[in-house]
Amino acid sequence: MRYKFLSLVPILVFFTVMIIGGPAAATGKTYDRTIENYSVPDVVLVNQDGVKVRLKELMQTNKPVIIDFIFGTCTTICPILSTSFINLQNKLGPDSQKIHLVSITIDPEHDSPRVMKEYLKRYRAKPGWDFLTGSRADIDKVMSAFDAYVPNKMSHLPLTLIHSPEDGKWIRIFGLMGSSEFLSECRKVGI
Amino acid sequence: MNALNRNWHSYHISFAVLFVVVLQLFAWLPNSSGEPLKSSLSTDEKLRLGERMYREGVLPSGEPMQAFVKGDLPVPGTAFTCVSCHLRSGLGSFEGGVYTPATNGVKLYKPLELTYIRFDRPAYTDETLAEAIRGGVDPRGRVFDHVMPRYLLDDEDMAIMIFYLKSLSSEFSPGVSETNLRLATVMTDEVSQKDRDAMFVSLLGIIGSRNQYAKLISRQSVFGKGQLVLMSDDMMNSFGQFISLSPWLLKGPPETWRSQLDEYYRKEPVFALIGGITKGEWKPIHQFSEDNHIPCLFPSTDFPVISRSDWYTLYLSKGYYQEGEAAAHYLNNRGELLKGRPIVQIVRDSREGQALRAGFQETWRDLGQGAPVTLTLKPGEELTKGVVQQLLTKEKPGAVVLWDGPAALLELETLAAVKNRPEMVFVSASYLDKGLWTLKEQVRDFTYITYPFRLPPSPKETINPSDPLLYLKAVTTKEANQMYVISQIFNMAIMDMKRNYYRDNFFDVIGMIADMEVPLYEHISFGPGQRYVSKGCYIVQLSRGEKPELIKKSDWVIR
Chain B
1 MRYKFLSLVP
11 ILVFFTVMII
21 GGPAAATGKT
31 YDRTIENYSV
41 PDVVLVNQDG
51 VKVRLKELMQ
61 TNKPVIIDFI
71 FGTCTTICPI
81 LSTSFINLQN
91 KLGPDSQKIH
101 LVSITIDPEH
111 DSPRVMKEYL
121 KRYRAKPGWD
131 FLTGSRADID
141 KVMSAFDAYV
151 PNKMSHLPLT
161 LIHSPEDGKW
171 IRIFGLMGSS
181 EFLSECRKVG
191 I
Chain Z
1 MNALNRNWHS
11 YHISFAVLFV
21 VVLQLFAWLP
31 NSSGEPLKSS
41 LSTDEKLRLG
51 ERMYREGVLP
61 SGEPMQAFVK
71 GDLPVPGTAF
81 TCVSCHLRSG
91 LGSFEGGVYT
101 PATNGVKLYK
111 PLELTYIRFD
121 RPAYTDETLA
131 EAIRGGVDPR
141 GRVFDHVMPR
151 YLLDDEDMAI
161 MIFYLKSLSS
171 EFSPGVSETN
181 LRLATVMTDE
191 VSQKDRDAMF
201 VSLLGIIGSR
211 NQYAKLISRQ
221 SVFGKGQLVL
231 MSDDMMNSFG
241 QFISLSPWLL
251 KGPPETWRSQ
261 LDEYYRKEPV
271 FALIGGITKG
281 EWKPIHQFSE
291 DNHIPCLFPS
301 TDFPVISRSD
311 WYTLYLSKGY
321 YQEGEAAAHY
331 LNNRGELLKG
341 RPIVQIVRDS
351 REGQALRAGF
361 QETWRDLGQG
371 APVTLTLKPG
381 EELTKGVVQQ
391 LLTKEKPGAV
401 VLWDGPAALL
411 ELETLAAVKN
421 RPEMVFVSAS
431 YLDKGLWTLK
441 EQVRDFTYIT
451 YPFRLPPSPK
461 ETINPSDPLL
471 YLKAVTTKEA
481 NQMYVISQIF
491 NMAIMDMKRN
501 YYRDNFFDVI
511 GMIADMEVPL
521 YEHISFGPGQ
531 RYVSKGCYIV
541 QLSRGEKPEL
551 IKKSDWVIR
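So the protein sequences, as listed, match chains B and Z.
Numbered continuously in this note's numbering, the first sequence closes out at residue 191.
Numbered continuously in this note's numbering, the second sequence closes out at residue 559.
In short, the hints are calculated from the structure, not lab data.
Worth double-checking, as some hints may not be accurate.
[To be verified] Mimicking DSSO-like on lysine-lysine, the simulated pairs with C-alpha atoms at most 27 Å apart in a straight line are:
| id | chain 1 | residue 1 | chain 2 | residue 2 |
| --- | --- | --- | --- | --- |
| 1 | Z | K339 | B | K52 |
| 2 | B | K52 | B | K126 |
| 3 | Z | K251 | Z | K279 |
| 4 | Z | K553 | B | K52 |
| 5 | B | K126 | B | K188 |
| 6 | B | K52 | Z | K552 |
| 7 | B | K141 | Z | K552 |
| 8 | B | K169 | B | K91 |
| 9 | B | K63 | B | K121 |
| 10 | Z | K440 | Z | K552 |
| 11 | B | K188 | B | K63 |
| 12 | Z | K394 | Z | K378 |
| 13 | Z | K339 | Z | K434 |
| 14 | Z | K396 | Z | K440 |
| 15 | Z | K498 | Z | K166 |
| 16 | B | K56 | Z | K553 |
| 17 | B | K169 | B | K52 |
| 18 | Z | K251 | B | K141 |
[Claimed, not checked] For each label pair, taking beta carbons as the anchor points, the in silico distance ranges come out as:
| id | chain 1 | residue 1 | chain 2 | residue 2 | range |
| --- | --- | --- | --- | --- | --- |
| 19 | B | K98 | Z | W437 | 54 to 62 Å |
| 20 | Z | R334 | B | A137 | 12 to 20 Å |
| 21 | Z | R341 | B | P94 | 38 to 46 Å |
| 22 | Z | R334 | B | Y149 | 24 to 32 Å |
The structure presented is a predicted model; accordingly, all values stated were derived computationally and were not measured.
Ideal Cβ placement from N, Cα and C applies to all residues, glycine included.
All chains, please: the whole structure from these sequences, using the hints.
Here's what the structure looks like:
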């Protein structure tokens, strides 16, 4: 069944786009943007240094917090999301300390603190970009809270969530942004 | 977000996917300046440099490759390598809704026609390929999807890259002929004849079933016409060569195994090793696979090689080592009980004891903890009350880890009787073996057990008769359950290779397999470069009573 489904994917994609299209297709944008309210679950995760991090406490900051969901051995979407993070840090220069970038793994079994630390090093991440793992149950809770749940990491979503400290709302970006677009979205939350 | 919005989002992503499918499929490569390579470079050197560019994103000069994605995002090639999307074999991937096409020369230098999306492109040339890599434009002038980086390569580096792509997955790997795919399974002679037979016959069963199925498919006799139409691209193309299996029996001490393996391989090159069994360490066979680039799928061993970079052996788990890791993670989370006190580690000087010790000690160190105080017991040596009392009085540990086999049963009783006993003593379920179920009542409250398998169903648990895994969960052995995993993954991999019989493709397609639940383990998962599919281990305690149950004290994966 799995194989029959895969064989149909390109066809489904083709017809979906050709017949229905969509606002992104019409505007030339490759991502969609909405404003959302999320309730952050009270879970304790672990960062790349092995330090426990209570997610709710992490959010109690006057800095904008930007969250994405990635995993260390992803082959396609995650490298682009992570490249966006590092380029944002580079573009902001000293101002990069005014935001907090948070990548949350969706492969907690493999992504240990050591794996995550090496991942950040590979991307030349600066301080202010943390990578979090946790128990499968807690990671599932976080994904669900942000309407990002996928049952399997191989079908994950290209999401970037930007939290405004001013009104507590989230900009939800579904799709992949260029660096100028990302910076522009960040400006909207006070960067 | 409501369902309608979700659908709109899906369309956006689909649009991106379309670009990948339609544009990248046609393109990816083209052209170079046609500059000749430096004559001073040998073929091997060009391949080595090309491989480094492809896999590591490092130029021949040693500098990182420079690239852009999404139009204006500069990326270092080291973070955005070719291999990360197109994989080692160059045959591409399908992940996160994005389809990445093949980039090996054999595929690129042929015209491509995908009738179901009415797409075609002419064969690439060196010139159009270089143009595609640099500019992101295919021979028809179509622009690639933005997820494909545009690489800044000069003519000489481009020529090396193209030379490498042409060599990539260009000929089927050894062990493959027009009609046959040859495999072997490695067994060692200290394993009983009965266990060797069980391994070999089980594998023959898996392979025989697949061959029979392929034969029936080729005769088009088992499916109706409509189904065959739907299967034409995926399933039908996935049944190719007849698969054969040879037993490679290694005799004598491990230091002689390598020469025996070399001789077997010289006489009979195989595409891959499957299963296999030894009571000892798998290391000599692991190294043989590594040196010859021969994939080895799921050997039955409790002593795998622990490596974060080796490529060619995929293990079911880290064996005993994994239990030591779990104990360290669990203790690290119980800092409030340890209160800064040291850990005492009592280790039987055996292969099992040393593997458990290594897993615990290395993980404990990585977690930033100090070295445990270790007492090693020689084979046959008894742990006396006096020695234990003296050790505990001196060290005042927060916990004891006791890496011993069935002798641990008595040692736990000794610990129960001494003063200053810490609140937690850890033992290994695998090393205790059946002794696990005979722990005396007085030790159960302080004994914590590493248990690297799915927990057995509780007698109180309602049995769902429709559970397809019920039989395997309830009545079969560890070995049979391991064979179930081999069967599932092997059959998926053979099918997913779609007759692209390149060794790297074998593990590439396995790396794309979705996470699974299996009877033996709570969860198994895959990914490029992930080489231990079961990554968890529970910490449990034994309940009181004559018919004890396991009480779960941790998650499957402890963070």
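Pairwise beta carbon distance, R334/Z to Y149/B, judged against the given window 24 to 32 Å: holds (30 Å)
Hint consistency between K553/Z and K52/B [alpha-carbon to alpha-carbon, up to 27 Å]: holds (19 Å)
Satisfaction of the hinted span 12 to 20 Å by the C-beta atoms belonging to R334/Z and A137/B: Because 19 Å falls inside the window, the suggested range holds.
27 Å limit on alpha-carbon distance, applied to hinted pair K394/Z and K378/Z: holds (22 Å)
Proposed proximity, K63/B with K188/B (alpha carbon, max 27 Å): At roughly 13 Å apart (the allowed maximum being 27 Å), K63/B and K188/B satisfy the hint.
27 Å Cα cutoff - pair K169/B, K52/B: holds (25 Å)
Agreement of K63/B and K121/B with the hint, judged by alpha carbon distance not exceeding 27 Å: Holds. K63/B to K121/B sits at ~23 Å (cutoff 27 Å).
Straight-line alpha-carbon gap K251/Z to K141/B, limit 27 Å: Judged against 27 Å, a Cα distance of about 52 Å means the pair is violated.
Restraint check for K339/Z with K434/Z, where alpha carbons must lie at most 27 Å apart: Distance of about 34 Å is beyond 27 Å: violated.
Distance restraint evaluation - R341/Z, P94/B, Cβ atoms, bounds 38 to 46 Å: holds (44 Å)
Given hint K440/Z paired with K396/Z - CA-CA distance at most 27 Å: At roughly 24 Å apart (the allowed maximum being 27 Å), K440/Z and K396/Z satisfy the hint.
Straight-line alpha-carbon gap K52/B to K126/B, limit 27 Å: holds (20 Å)
Violated hints, listed in ascending order, are 13, 18; each of the other numbered hints is respected by the structure.
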